[in-house]
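Participant: This is what each chain is made of:
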Amino acid sequence: GAVVSQHPSRVICKSGTSVKIECRSLDFQATTMFWYRQFPKQSLMLMATSNEGSKATYEQGVEKDKFLINHASLTLSTLTVTSAHPEDSSFYICSTYRATNEKLFFGSGTQLSVL
Amino acid sequence: ELKVEQNPLFLSMQEGKNYTIYCNYSTTSDRLYWYRQDPGKSLESLFVLLSNGAVKQEGRLMASLDTKARLSTLHITAAVHDLSATYFCAGGGNQFYFGTGTSLTVIP
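These protein sequence lines map, in sequence, to chains A and B. Position 21, counted from 1, in the first sequence is what our numbering calls 21; the numbers after and before it change by one each time, with no gaps. With positions in the second sequence counted from 1, the corresponding number in our numbering is that position plus 115.
Heads up, a few of these hints could be off.
[To be verified] Derived DSS-like pairs (lysine-lysine); straight-line CA-CA distance at most 27 Å:
1) K41/A to K156/B
2) K156/B to K183/B
3) K41/A to K183/B
4) K55/A to K118/B
5) K14/A to K64/A
[As the list claims (entries may be wrong)] Footprint (simulated), chain A over chain B, 3 or more residues, beta carbon under 8 Å:
6) 152–165
7) 170–176
8) 186–192
Hints in this document: simulated from the structure, not taken from any laboratory. On a predicted model such as this, the values are computed, not experimentally measured, just so you know. From the three backbone atoms N, C-alpha and C, an ideal C-beta is built for every residue, glycine too.
Whenever a hint applies, use it, and build me the whole structure from the sequences.
Facilitator: Next up, the structure:
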C-alpha cells in the first residue's frame, strides 16, 4: 500500500487564492519531507526540504513567501501556494526518505491549475 | 547542488530491441535511484543502487552504478510496448535531485 498519502490529487482555483497541499507519511515517522514541482514533459525540480519542527530549506530561486511549507509533526507536511497565479500551475509531488531501506517514497502528486 | 543529466531525452525503439539509458551526475552521490513515470501519474520506484559496481535486474530492466565514473545505466532488454513511459534517475544524500528524464516509446 501507499507509504505517502498526498491530497488533494487535483485542484482548480482562481488566481489570487491560496491552495494547501497535504502530505502524510502513513507507516513511519518522516523527519524530512521533500517538495518537488514538475511542469509538463519536464523533470522534477526540488523546491524545498522540510524538517519536522524547523524551518524549511528552499532551493535557489524558490520564493519562500510564495510557497509556505509547514512540517509540524513527524507524519504531516503541508505546502501552501499563496496568492496563486496561472504560472504556478504545475504538478506538485512530495517525497520522503526512509533510512531503514534507503528508499525514497513519493506521494501521488497534486495537479494544480490556476485560472 | 548535484547536477544529474540523462541521455537520450527521447527514445523510440521497436519491440524486441535492446537499448541503454545513461545517467551522469556531477558530484559524489550516496545513492542512485531509477524511477518510472506514466503520464499524469507519480513516480514508481524501479531500483535503488547503493554502491560502486551495484547491478540490479527486474524483468527486462537492469540498472548498474559506477561511482568512479559517476555514471548509472538502465538497460532495456527485448523491449515491449508496456515499457513505454518516462524514466528518471535521481541521486543525492541529504537532498535528492532528478535527471532530465528519458521519454521512451516502444513501437510494436
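Participant: Is the Cα-Cα distance between K156/B and K183/B 27 Å or less?
Facilitator: 33 Å, violated
Participant: Has the given pair, K55/A with K118/B, been kept, meaning a C-alpha gap of at most 27 Å?
Facilitator: 25 Å, holds
Participant: K41/A and K183/B: Cα distance at most 27 Å?
Facilitator: 31 Å, violated
Participant: Count residues of the segment 152–165 of chain B with a Cβ under 8 Å from any Cβ of chain A, then say if the count reaches three.
Facilitator: The restraint on the segment 152–165 of chain B holds, since 7 of its residues have a Cβ under 8 Å from chain A and three suffice.
Participant: Counting residues of the segment 186–192 of chain B whose CB is closer than 8 Å to a CB in chain A, do you get three or more?
Facilitator: violated (count 0)
Participant: With a Cβ-Cβ cutoff of 8 Å, does the segment 170–176 of chain B contain at least three residues near chain A?
Facilitator: Since three or more residues must qualify, the claim that chain A covers the segment 170–176 of chain B is violated, with 0 doing so at under 8 Å.
Participant: Next pair to validate is K14/A with K64/A; report whether the Cα-Cα distance is within 27 Å.
Facilitator: 21 Å, holds
Participant: Could you grab the alpha-carbon distance between K41/A and K156/B and see if it respects the 27 Å cut-off?
Facilitator: 12 Å, holds
Of the numbered hints given earlier, the model fails hints 2, 3, 7 and 8; all others are met.
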